[in-house]
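Asks: Make the full structure from the sequences, and use the hints.
Protein chains: 4
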Amino acid sequence: MPSVITNYQKIRSKTEELCQPLEIEDYIPQPAEFVSPPKWHLAHTTWFFEEFILRKYKKDYQVFHPKYSFLFNSYYNHVGKRTLRSNRGILTRPLVCDIYDYRKYVDEHMQDLLNSGEATDEISQLVTIGVNHEQQHQELLITDLKYTLSLNPLYPVYKPDYSLVSDMAAEDLMIPIDAGLYRIGADKSKKFSFDNEHNAHEVYLNDFTISSKLVTNGEYLAFIEAGGYEDFRFWHDEGYTWIRENEIQKPLYWHKMDGSWFQYSLEGLVPLNPDHELGHISFYEATAFAQWKGKRLPTEAEWEVASDKFKWGTRWEWTQSAYLPYPGYEIAEGALGEYNGKFMVNQKVLRGASNATAEGHSRKTYRNFFHPQHQWQLTGIRLAK
Amino acid sequence: MPSVITNYQKIRSKTEELCQPLEIEDYIPQPAEFVSPPKWHLAHTTWFFEEFILRKYKKDYQVFHPKYSFLFNSYYNHVGKRTLRSNRGILTRPLVCDIYDYRKYVDEHMQDLLNSGEATDEISQLVTIGVNHEQQHQELLITDLKYTLSLNPLYPVYKPDYSLVSDMAAEDLMIPIDAGLYRIGADKSKKFSFDNEHNAHEVYLNDFTISSKLVTNGEYLAFIEAGGYEDFRFWHDEGYTWIRENEIQKPLYWHKMDGSWFQYSLEGLVPLNPDHELGHISFYEATAFAQWKGKRLPTEAEWEVASDKFKWGTRWEWTQSAYLPYPGYEIAEGALGEYNGKFMVNQKVLRGASNATAEGHSRKTYRNFFHPQHQWQLTGIRLAK
Amino acid sequence: MPSVITNYQKIRSKTEELCQPLEIEDYIPQPAEFVSPPKWHLAHTTWFFEEFILRKYKKDYQVFHPKYSFLFNSYYNHVGKRTLRSNRGILTRPLVCDIYDYRKYVDEHMQDLLNSGEATDEISQLVTIGVNHEQQHQELLITDLKYTLSLNPLYPVYKPDYSLVSDMAAEDLMIPIDAGLYRIGADKSKKFSFDNEHNAHEVYLNDFTISSKLVTNGEYLAFIEAGGYEDFRFWHDEGYTWIRENEIQKPLYWHKMDGSWFQYSLEGLVPLNPDHELGHISFYEATAFAQWKGKRLPTEAEWEVASDKFKWGTRWEWTQSAYLPYPGYEIAEGALGEYNGKFMVNQKVLRGASNATAEGHSRKTYRNFFHPQHQWQLTGIRLAK
Amino acid sequence: MPSVITNYQKIRSKTEELCQPLEIEDYIPQPAEFVSPPKWHLAHTTWFFEEFILRKYKKDYQVFHPKYSFLFNSYYNHVGKRTLRSNRGILTRPLVCDIYDYRKYVDEHMQDLLNSGEATDEISQLVTIGVNHEQQHQELLITDLKYTLSLNPLYPVYKPDYSLVSDMAAEDLMIPIDAGLYRIGADKSKKFSFDNEHNAHEVYLNDFTISSKLVTNGEYLAFIEAGGYEDFRFWHDEGYTWIRENEIQKPLYWHKMDGSWFQYSLEGLVPLNPDHELGHISFYEATAFAQWKGKRLPTEAEWEVASDKFKWGTRWEWTQSAYLPYPGYEIAEGALGEYNGKFMVNQKVLRGASNATAEGHSRKTYRNFFHPQHQWQLTGIRLAK
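Residue numbers (this note's numbering), protein chains in the order written: chain A, 145 to 529; chain B, 145 to 529; chain C, 145 to 529; chain D, 145 to 529.
Among the hints, erroneous ones may be present.
The list makes no distinction among identical chains, and a pair is therefore deemed to hold if it is satisfied within one copy or across any two copies.
Within a straight-line C-alpha distance of at most 25 Å, the following computed BS3-like cross-link-like pairs (lysine-lysine) qualify [to be verified]:
#, residue 1, residue 2
1, K437, K357
2, K394, K335
3, K486, K437
4, K453, K158
5, K303, K400
Rather than coming from a laboratory, the hints here were simulated on the basis of the structure.
Replies: Structure, rendered in structure tokens:
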């Protein structure tokens, strides 16, 4: 299975490449429950291959360490007990070098397996899930790291010229889409897609228009300056409570210093560029902004149907849609059935991809999902009406 | 406007009739933030007419008491500051008799207004909203009261023969519905409906089947006895956390005593009848039960499309659907715009009505909504596939 | 035992007399865990006689209601399970009239017992504890009620001319006391005292001076106006955290309205009188005030030794002393052993009595105790150096 | 000032020697608010010299880094704003090597200053406080590290043969002390002592007896096996609530595995030795154990008066005494006034020293203090009667 191996190697190396600028100290802290330390991402993605492939399919495979399954399982109840999610940052051991040894050990065994005659289509499909899973963690590794570094009063630089922003100074057009019956979702018989994209199905849409570009920092600044955070009329009731209880007055990572706006980025603290697309925005803020503009967020079906007509891929775009099963959705048997389905309540769908999304890990049917208050992903806003 | 007046009087009297069995002590406590005391319901529904009609449309109207607007506003930010929701149970004053005087005062002024030449279509529409609002509070008054009394180790009786249950011993059929384009929602130009039912719009549905009857106590008991509360595979991740953190092992109001099951009801503590429809179930539990049965909850569109083919109205039925705006939904200007729209996040739609719903206050397009963990309403389960 | 009976009757009637101005609504709410509703105080003091005397010593005594022991036990683990302290305000039943019937029933049985030949010295001692216990609850009934009514925006009046304040306009003298060995505490062989006053014992005191009068509202206002709540130097670390987290800037019940100071009292809202003694102050605030004045709070031994030289009895006076066992203190056998000893950690001793203390329920050896943050008792400040 | 320099150097090196077995990963996590990471201890003790000595007394001194004062101030409000105590574990930067550079920089400047003609008695006294402060942090560094490592399922070894235990198999004698007037506390004119040990003063003690040895693991195990954690009669009310809410059934670091008892130590997980002295016990547990034994904890005055008659120094011994000012205690001017006085509420005094206390950092008048629930220090029990 040469292409499977090549892809496996490429994606595994990419994860380590992302960690290259890190100091050992950077691998450890977990400043919030929703964030995981780089050490944990490196180990967890490795455990995924050990647990779901090597232990089952590789003859006489010996696990690297008997306690790693307990330490690096994320949330799979099928697999048994695990470290509390909030305790990922207290683990001084295994050392960072132990984790790199673990990766090497698993990679070698995976290559053996894939090169051997034992490799089957079933294994190949699991590898595909595993590398897609690792790509998801590549993005999380970056967004989690940004969150951790951002809390440091020294504003550390991860890497110069690592901006994750794009210029959005073009004119905004509202693209019209006609009412009608459309087909959305992914066909599971075709190339890889996650179970939450199945089944492909028909939806009826009314006429709508959708913006050709993402909302910029400058446009959002106008909302702030117009008192948007103080005016309850634009907010969900829960959103308004959330901004008051958490004293939120601006997007995550924005800082006003001596009258000027700055933004913490992985390049360090930089002046806010009004022409760049907005990022790190919650669903509550996205909705309030849209309301203030006299517009709304698109539904995920609208987004998907219109997506060929605009440029996307620099920000995960909040939709109005709740994260719910598609018609015909079925939870898979066993641990991998826990991948998506059990999170289908109280979360919102985001569409597109971001500047931090792994290459090749995006498609127009992809359904990302987060709770409405989360800001630490590279989230943005596209308006509809 | 004789029919408006008659309806107003009928519904206002009904609220007081519901309070007839109460002692003064029963009017006061608020044991949880989501519950309001009867005194508050009586006053708040009255304040609604005073605030939105009398103050604006009745010439020289003097409010009954200058602080009542602060005390009895529920959540209308437009109207100004208000008592914290969690503080409704600390108000020993105004006395219960003062509240009845307040009702009388407002009713007299409302009748004057409606009998006078000043009454317009606009007023008539506001009265319609006001009486529908009062009907919603009639049901809440009963479910809140049940919650409060249920916490009392003396298991007080509200009223003998007030059971709120029905017999469901009939055979269960799965009614088939064909795929196709259907129209759901309410046409705002026709008779009264809430803004969240607008606009009527097309939806495309796949083939599905839906149960002819509600799940019974006996069926749910089988789920409990099969270990349903211990098996993570049936639960949303948040649902499973919720049952463990709150030590939930059974529907609200069920008690196992010396090996037999009882249920607290407004008639007091009674043996659990396996043939009655289940009630007081959370969305999490409803979903887990459906999962265990190899079925699922219907979407709200499926429910509405099929609703003419089954009997409904004894339990609010959880749907799979999140509470979201319909296409074309617009938030109204002013305080009444806060009625529905600002709650459209993190809540689930319930369809139907319950044994405690006011007469005439149900229709197949009605969208009720609660958070997925709430159990204190008369909620039930209908399965789909 | 005629004197025991007379005293019993007098104190029991006094409790009901205190409730005379109440409406039924006032008997119910519990706005904070440290507060109990009047209904609960009436029942709990009655339960004390039923549980500790009638059930043990009255032949064939039938309890008034089998569940009252569960409902009205305060904290006696020996006696078994009980209503959660925080749930005292949710009990709509038993009705207020039921509680008065309960009091009558127990009083009649107590009188029978005390009139009968069965009454012994042991019973007489228990009655003495019971009436002292009831006197403690008389004061709590008043302070709890004040707390509940104070939260009502209508500022209800409990009773006109019920001020609980005294004039303190006299000159302040610092009374000097010589160093030496002094005896403090109560001799248990003499007249009634609580176990926490035992044993009488020697203490050595250095020279000190103590104020002849309590701190007034006016003096405390000067502390506020001098920025005392903003200057960390005067505060315990925990006290400073407490005022910031709870946004405390003034004594409980003080209100600044249009530039003038008012105080909620059981007479309603009244202008703050600068010559009246300060009340409703926490230990943290008392210490910060003393620190600002360049003085300190007295220890409980200093207070007791000097107490014959100044007027006391209008405010419970915070001392520097922690509530700890005296030398030779022993926890009594059985439930009454839980009366005092188990609270001897993290609390401070208050000495004296207040304007709300029952007549005859004070002596210079009396040790009252509360947590340092509590403000809802009639607490005040006397300085020492 | 050669002796001052020698002592300074010796103690500063000792801190680094304690860190010698650590990996970089060990320097980072903070698993609980009461714990600080090694990196923080290394930096904070250095900041103390920079802030209180070099900035004030060394001509033209340039601080090592402008933000370190914000990062490494512990609780001195006088010095200004600081990192939240709970955020010490999120700082990936400064790197561990930066902190060692910081130490070197400050040490060089300190040596310059002490060698120069500028060094005065005032500076010498501040250096004495600084090295005593650093010795306190040496012990905290060890106890904090133990807490962090103990949470790791891999049970890491800090250093072989680093047991912090002693054999206590000797016979227990109750040493009698006669009643009388005794002098306790430290004379501030003599050699160094902390302000909380001042003034030396007279106390009157009744006759008492005190144990010649500390309670052992074996004795405490008997308490557990006798059901001590289930019997409310032995516990303070707050202690009993604390053990139930936190599900505490044994001392910190004890583990029962397959029927045998083990103890996590800095040597790793080792079998529990019944003859070793008990450690890591809260005040609540210490009191409950004493109560079960029919004894009590000594007061701090009793402990100090009797301390020449028994061996002490392996465990910090809980006393019955609250941490309160001694007669004549005065808070010093400026930031060092925050060292002790502001913590004098809700804490208990511990006397003695432990196997982790720095050499030369103990004396019989020393007053250590912690909250009654804290277990992570090397605390033990000596009984009195």
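Asks: Now tell me if each hint is right for this structure.
Replies: Taking the hints in turn, this is what the structure says about them:
{"no.": "1", "hint": "K437 - K357", "verdict": "within (15 Å within a copy, 46 Å between copies)"}
{"no.": "2", "hint": "K394 - K335", "verdict": "neither (40 Å within a copy, 43 Å between copies)"}
{"no.": "3", "hint": "K486 - K437", "verdict": "between (35 Å within a copy, 17 Å between copies)"}
{"no.": "4", "hint": "K453 - K158", "verdict": "neither (31 Å within a copy, 57 Å between copies)"}
{"no.": "5", "hint": "K303 - K400", "verdict": "within (23 Å within a copy, 48 Å between copies)"}
Of the numbered hints listed earlier, those contradicted by the structure are 2 and 4.
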